[in-house]
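Here the protein sequences come in this chain order: A and B. According to my numbering, the first sequence is numbered sequentially starting from 150. According to my numbering, the second sequence is numbered sequentially starting from 150.
These are calculated hints, taken from the structure and not from any lab test. Remember, predicted model here, so these are calculated numbers, not experimental data. Careful: at least some of the hints might be erroneous.
If chains are identical, the list can't say which one is meant, so a pair holds when it fits in one copy or spans any two.
[Stated by the list, open to error] Derived DSSO-like pairs: lysine-lysine, alpha-carbon spacing no greater than 30 Å straight-line:
no.	residue 1	residue 2
1	K467	K485
2	K207	K485
3	K221	K237
4	K466	K396
5	K485	K258
6	K258	K166
7	K530	K467
8	K466	K485
9	K485	K202
10	K352	K396
11	K300	K396
12	K351	K225
13	K485	K259
14	K396	K467
15	K485	K396
16	K418	K485
17	K225	K202
18	K351	K418
19	K225	K161
2 protein chains.
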Amino acid sequence: MQINVGKSDSHKIFFLKCISCNHSYEISMPSFISDILPKILDVEAKNLLRSFKNGNIKYYDNHGIQGLQFRKSVGKIEAGTMICFGDKMEIVRGFPKIRRTLMLYPSLKKHFNHVIAIEEKMNGYNVRIALINNKITAFTRGGYICPYTTKKAPEIMEMGEFFNDHPDLVLCGEMVGTENPYVTHNYREIGELGFRIFDLRKKSSNQAIPIKDKITLLEWYNLPGVDFFGIINVDDAPEIIFELIDKLGMDNREGVVLKDPEMKIEPLKYTSSNAHAGELEYAFTYPFDFGRAFFFSRVIREGFQAYELNETEEEIKKRAHIIGESIIYPMIRTIKHIADDNQASEDIIIHVDNLEEAENFARHLRDLGVVAIVHSFSDGKAVIRRIHQSTTDRISNFLRGGLY
Amino acid sequence: MQINVGKSDSHKIFFLKCISCNHSYEISMPSFISDILPKILDVEAKNLLRSFKNGNIKYYDNHGIQGLQFRKSVGKIEAGTMICFGDKMEIVRGFPKIRRTLMLYPSLKKHFNHVIAIEEKMNGYNVRIALINNKITAFTRGGYICPYTTKKAPEIMEMGEFFNDHPDLVLCGEMVGTENPYVTHNYREIGELGFRIFDLRKKSSNQAIPIKDKITLLEWYNLPGVDFFGIINVDDAPEIIFELIDKLGMDNREGVVLKDPEMKIEPLKYTSSNAHAGELEYAFTYPFDFGRAFFFSRVIREGFQAYELNETEEEIKKRAHIIGESIIYPMIRTIKHIADDNQASEDIIIHVDNLEEAENFARHLRDLGVVAIVHSFSDGKAVIRRIHQSTTDRISNFLRGGLY
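Modelling step: build the complete structure from the supplied sequences, incorporating the hints.
Structure below.
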């Protein structure tokens with residue numbers, strides 16, 4: 150089915166054309182959502198229609214792609230799913246939310262079948278790369294096309310042959326490095342910008358390729374995967390994972406994702422104390438933007454980790470002090486920074502061909518709801534300034550004597 | 150106007166009787182709220198009616214008093230306000246929310262006129278005591294009649310003469326001590342149970358008596374006031390308050406309330422670091438019941454206090470460590486406690502005449518939404534067990550391997 154979109158009376162009209170008999174007809178967007186989409190996605194019409202009415206299924210038209218974007222999940226269809234229209238309809242399912250275990254010992258045995266594959270969880274931003282309209286396109290977690298990632302990913306890895314052979318697969322991975330525009334983290338093996346793939350998933354069904362097949366495919370096409378730490382017996386898992394998490398933490402790395410080697414059971418994540426402290430430190434650098442939302446779950450993880458590790462009083466004290474410092478130090482730094490008449494802002498460095506490309510990216514960030522401007526551009530290096538408005542406004546108000 | 154209440158067709162009917170001409174008529178509760186209450190309270194009818202429809206103005210009938218309870222504020226009428234019906238209508242206005250300053254230096258000068266009265270802010274529960282239907286009655290902050298406080302307050306202070314002379318005044322104060330059923334805190338000068346008055350307010354208007362007149366009245370009637378630290382010049386205030394807060398904190402006391410001596414400007418509060426840590430410790434003993442709500446504002450206060458005091462690196466470090474310990478230590482203690490097959494609960498001790506009175510109080514707590522049972526009773530001492538259900542349920546679920 151080919152879908153083109155036109156407008157009449159400010160309503161979107163979808164022009165559908167049957168690929169086999171060439172018959173074409175037109176249908177309004179709400180009718181498409183209530184009559185055709187339920188059959189395609191195998192989801193009840195009333196749920197799709199409710200989501201559309203609540204503004205959670207949105208018409209998307211940007212960066213050369215028209216489609217329907219799922220801002221929230223509907224039934225089994227994940228948030229971040231995109232239904233892309235073109236010569237044919239292509240569905241890129243949202244990346245599933247990975248749940249967290251707080252207690253390795255009982256939860257792994259309960260959740261998995263005998264064996265667990267362990268992979269590194271990296272600290273960057275989740276990207277899905279797929280062939281859409283025969284063009285390699287990168288989607289953010291929320292289902293937005295990221296112009297920067299779409300441009301950069303092909304520069305750092307060669308995907309042509311892979312997508313030629315497997316147009317129905319999606320590369321799911323993490324964009325990482327110090328010069329990435331969303332979440333910067335220094336990995337010595339990566340430097341400025343790199344991509345690490347953790348899943349290969351089927352476009353429409355979101356079915357993930359089993360671990361060993363995935364590793365074989367990635368090796369065959371010379372595509373970079375996340376670190377794989379092996380497949381272990383579920384009984385040995387807690388001990389092995391604690392040792393691994395400890396090492397990763399000391400190396401300032403985030404944690405692990407635990408997977409069913411067959412990829413038939415949903416994966417789980419588990420992270421290092423070091424990662425929790427790092428995230429708190431970031432959140433409390435911008436307390437009124439991120440502090441409240443970030444805080445609670447990180448300290449809960451710390452509590453259960455300390456308990457499961459049966460830590461001594463000294464070890465618990467150290468953990469408590471690090472948590473306290475991760476909250477108080479950055480907050481006081483930011484109060485001082487704003488008292489000196491600055492804004493709470495973050496500078497992001499990206500490499501682009503020209504100023505227009507930088508402006509384009511800043512606009513993309515604003516589309517996502519982020520306050521961002523191009524601060525400077527020279528020699529292909531653009532500095533994008535991301536402004537944390539709530540933190541700036543509220544702290545300066547309190548400094549001027551505003552009441553809480 | 151005298152109001153009696155009857156029922157017809159499951160709707161409340163108010164029977165009104167004019168005191169001057171004895172004319173009586175009847176009116177339904179919604180009509181009373183839309184036609185009569187606006188004139189009495191000087192609030193727009195549509196706002197009162199909306200609040201009633203949203204369930205924020207409720208018909209109250211308990212402990213011998215019928216009336217209308219304001220669960221949320223409507224215009225200038227505070228949450229916790231009670232319109233009591235009886236021989237005449239008596240309005241006890243809710244206790245106004247006291248806002249907080251984070252930075253003494255600019256805010257006091259901005260907020261007050263030249264001078265500030267300083268009083269101690271105590272750690273207990275806010276109670277308003279008024280003469281209703283010629284009976285001394287104690288209301289909680291939310292506007293519920295507290296049977297325990299109503300019984301205990303007259304045992305610990307003699308209010309008869311005061312209310313005889315001033316039936317139109319409300320005693321606003323803090324019930325404090327180790328054997329109080331809501332917020333226990335040890336004050337050496339109080340012990341098990343005591344009451345300290347901070348405001349005298351007019352029943353219907355909520356107008357507060359100026360500080361010096363209040364002190365004179367309390368002394369005359371031999372009623373206990375909160376500690377009064379004097380009236381100071383606004384320019385000297387930050388330094389004096391920091392010194393005072395430091396002393397209070399070291400003595401494990403909460404902080405101060407800063408008032409316009411004429412009581413024409415709204416008061417402000419400011420609290421010690423010690424109090425913040427203590428509240429965090431309580432909140433993280435029951436993290437899934439209180440942790441999330443308590444946390445953020447306490448650490449923000451710490452940040453601004455450290456900044457305004459221009460603390461050294463060592464002082465900031467100490468503050469950070471105490472905050473971390475106040476979060477992590479109680480949380481791990483509670484996880485261990487629940488792992489040993491216990492509930493997250495608190496035992497409250499109250500002195501009552503018989504088991505029925507204890508059951509009565511437990512029922513009152515349940516009316517307030519608290520899970521509470523009488524755990525034991527002997528020799529006039531009842532142990533009420535308050536159960537923190539979310540903490541109990543969620544922690545035991547995670548311990549059994551539940552996912553986050």
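ask   = Can you list which hints this structure breaks, lowest number first?
value = Of the numbered hints, 2, 6, 7, 9, 10, 11 do not hold.
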